[in-house]
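Protein chains in written order, with the numbering used here: chain A, 3 to 208; chain B, 174 to 440.
If a hint is listed, it holds; no wrong ones were tucked in.
Cβ-Cβ distance ranges computed for the label pairs, FRET-style: (1) A:Ala47 with B:Ser367: 45 to 55 Å; (2) B:Asp298 with A:Ser182: 13 to 23 Å; (3) B:Arg358 with A:Ser85: 23 to 33 Å; (4) B:Gly341 with A:Met150: 44 to 54 Å.
Some but not every residue of chain A turned toward chain B, in silico, with C-beta under 10 Å: (5) Thr72; (6) Glu74; (7) Ala175.
None of these hints come from the bench; they were simulated from the model.
Here the structure is a predicted model, which means the values were calculated and not measured.
Glycine is no exception: its CB is placed at the ideal position from the N, C-alpha and C atoms.
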Amino acid sequence: MAPKTAAKAVKRPKAKAKAKPAKRPPDIAKAEPALFDPLTPGEVADALRTLTEDRRLASMAKVGRYRVITTEPLVVKPPHLLSGHRLARVVAYDYSSDRAVDACVDLDAGVVVHLDLDRSQPMLSVAEEALAVSVAMVDERVRAKLAMGDSPQSTLHYWGRTSNDLAYARRAAAVVFGRSDGHASVIAVVDLLDQIVTQVVPAELW
Amino acid sequence: MSNVIEEANWKFHWRLTESAGIMIYLADYKGRRVLWEGSLPYVTIDHQRQELSPDQDAAEPHGPWWVPLGTRTIAGPVRVQSFRGGVELSANFVAGPYHYMQLWRFHDDGRLCPWLTILGPGVHDQHTYHPHFRFDFDLDGAGDDAIERFEEGHWQRVEHEGWFPYSGEADDHGNVWRQIDFGSRATINIRPHSWDDAEVFAIRYHDGEWAPFTPRSAAGSQPFPAGYVGDEEIDGQDVSLWYVAHVHFDQSFPYTAGPWIRVEGLG
Numbered sequence: 003m004a005p006k007t008a009a010k011a012v013k014r015p016k017a018k019a020k021a022k023p024a025k026r027p028p029d030i031a032k033a034e035p036a037l038f039d040p041l042t043p044g045e046v047a048d049a050l051r052t053l054t055e056d057r058r059l060a061s062m063a064k065v066g067r068y069r070v071i072t073t074e075p076l077v078v079k080p081p082h083l084l085s086g087h088r089l090a091r092v093v094a095y096d097y098s099s100d101r102a103v104d105a106c107v108d109l110d111a112g113v114v115v116h117l118d119l120d121r122s123q124p125m126l127s128v129a130e131e132a133l134a135v136s137v138a139m140v141d142e143r144v145r146a147k148l149a150m151g152d153s154p155q156s157t158l159h160y161w162g163r164t165s166n167d168l169a170y171a172r173r174a175a176a177v178v179f180g181r182s183d184g185h186a187s188v189i190a191v192v193d194l195l196d197q198i199v200t201q202v203v204p205a206e207l208w
Numbered sequence: 174m175s176n177v178i179e180e181a182n183w184k185f186h187w188r189l190t191e192s193a194g195i196m197i198y199l200a201d202y203k204g205r206r207v208l209w210e211g212s213l214p215y216v217t218i219d220h221q222r223q224e225l226s227p228d229q230d231a232a233e234p235h236g237p238w239w240v241p242l243g244t245r246t247i248a249g250p251v252r253v254q255s256f257r258g259g260v261e262l263s264a265n266f267v268a269g270p271y272h273y274m275q276l277w278r279f280h281d282d283g284r285l286c287p288w289l290t291i292l293g294p295g296v297h298d299q300h301t302y303h304p305h306f307r308f309d310f311d312l313d314g315a316g317d318d319a320i321e322r323f324e325e326g327h328w329q330r331v332e333h334e335g336w337f338p339y340s341g342e343a344d345d346h347g348n349v350w351r352q353i354d355f356g357s358r359a360t361i362n363i364r365p366h367s368w369d370d371a372e373v374f375a376i377r378y379h380d381g382e383w384a385p386f387t388p389r390s391a392a393g394s395q396p397f398p399a400g401y402v403g404d405e406e407i408d409g410q411d412v413s414l415w416y417v418a419h420v421h422f423d424q425s426f427p428y429t430a431g432p433w434i435r436v437e438g439l440g
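Sequences and hints are given; from them, build the entire structure.
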């Protein structure tokens with residue numbers, strides 16, 4: 003079969019080819035750049051209040067074992083119904099149900115307009131990074147492997163490759179210890195649900 | 174510093190994100206819309222064994238990890254600099270043993286370079302970087318666009334969502350993928366770096382399938398963006414493109430990953 007080419011005879015996309023001449027969709031070139039601006043502290047607070055008052059998240063809010071990962075502006079393009087609205091995307095991790103929360107809050111209307119609850123693993127929050135470091139720092143197996151001058155250099159979001167690894171399905175962080183010149187010495191994997199160190203590995207063996 | 178830059182035939186906005194580096198949005202070339210939004214959602218890192226003895230399992234013992242490039246890891250300011258024939262944004266990010274410089278370069282002839290310079294050094298030498306770039310192109314408007322891939326000596330229409338690795342075939346200019354606007358006949362051509370081992374995912378827009386804040390979907394499931402790939406038609410639809418590079422560390426680092434993108438036929 004001859005390949006379809008667009009370079010010589012331009013073939014219009016199917017969906018358009020079948021349609022009758024219709025009015026053009028709203029012009030995305032008129033999108034409002036200000037909608038992309040970072041959220042103000044008040045908008046962040048507004049988004050989190052709206053989210054935690056949503057009945058679908060009542061159990062999460064009541065137990066209070068969740069971490070907000072990030073709250074950022076979200077902009078959808080015309081002709082979506084929400085285009086032109088000031089939207090906040092809130093990503094959180096609900097430890098009480100071991101699930102990720104990915105929500106879109108319409109700040110103009112004060113409602114949650116999209117909510118995903120699933121088993122994905124969003125990036126670590128600042129608080130989770132700090133927790134992982136504090137758990138690793140007091141672990142005797144970690145301390146025994148640290149050399150003079152070693153300190154936590156970074157905390158990464160880690161997951162196991164196979165189901166043999168506890169971090170395969172559970173929320174985990176890897177704390178890289180080393181010197182400030184970039185040399186890594188020891189890696190500690192921290193299970194964030196139980197707040198324990200599950201692996202201590204010399205960096206060269208990682 | 175203003176986050177709107179109008180120079181070298183381009184007008185675009187930028188902001189530093191929490192996890193996706195410097196995001197470019199509402200970018201116009203010669204007064205016509207090219208890009209709704211482009212970013213670098215994540216750079217994952219895999220490790221391989223330094224040495225392997227005959228009695229060891231060849232499988233890598235550890236999974237991947239990543240750290241967001243954004244407000245937490247930026248080292249210094251976002252720089253805006255003019256160069257001969259264009260303007261560029263750059264910023265450095267540091268996360269322990271991982272050092273990066275993200276670049277967005279805009280040329281007056283329509284070239285656009287979303288690049289990532291990877292400096293290393295990592296926790297040891299045997300590791301591979303996987304930068305994931307995401308582009309939501311709206312060439313002269315959101316509709317009336319199609320995606321094509323150069324294959325078997327021709328440009329071929331991509332009719333369904335999917336994964337399209339670079340097979341080694343390219344047109345005379347090195348382009349492997351392109352987005353065409355049928356109203357203006359303008360194109361966005363994507364040329365991979367020869368050593369990127371690059372692949373492109375074309376994914377139809379859906380509510381909730383925004384740039385994810387992680388590559389990690391549920392245990393046992395495909396990571397993102399592969400987790401978004403279904404079998405939906407994309408002809409004439411709103412589509413996002415992911416360009417993923419796979420770069421193994423070696424002693425000749427730094428290495429700069431990312432595609433050449435060129436807008437043609439506008440203006």
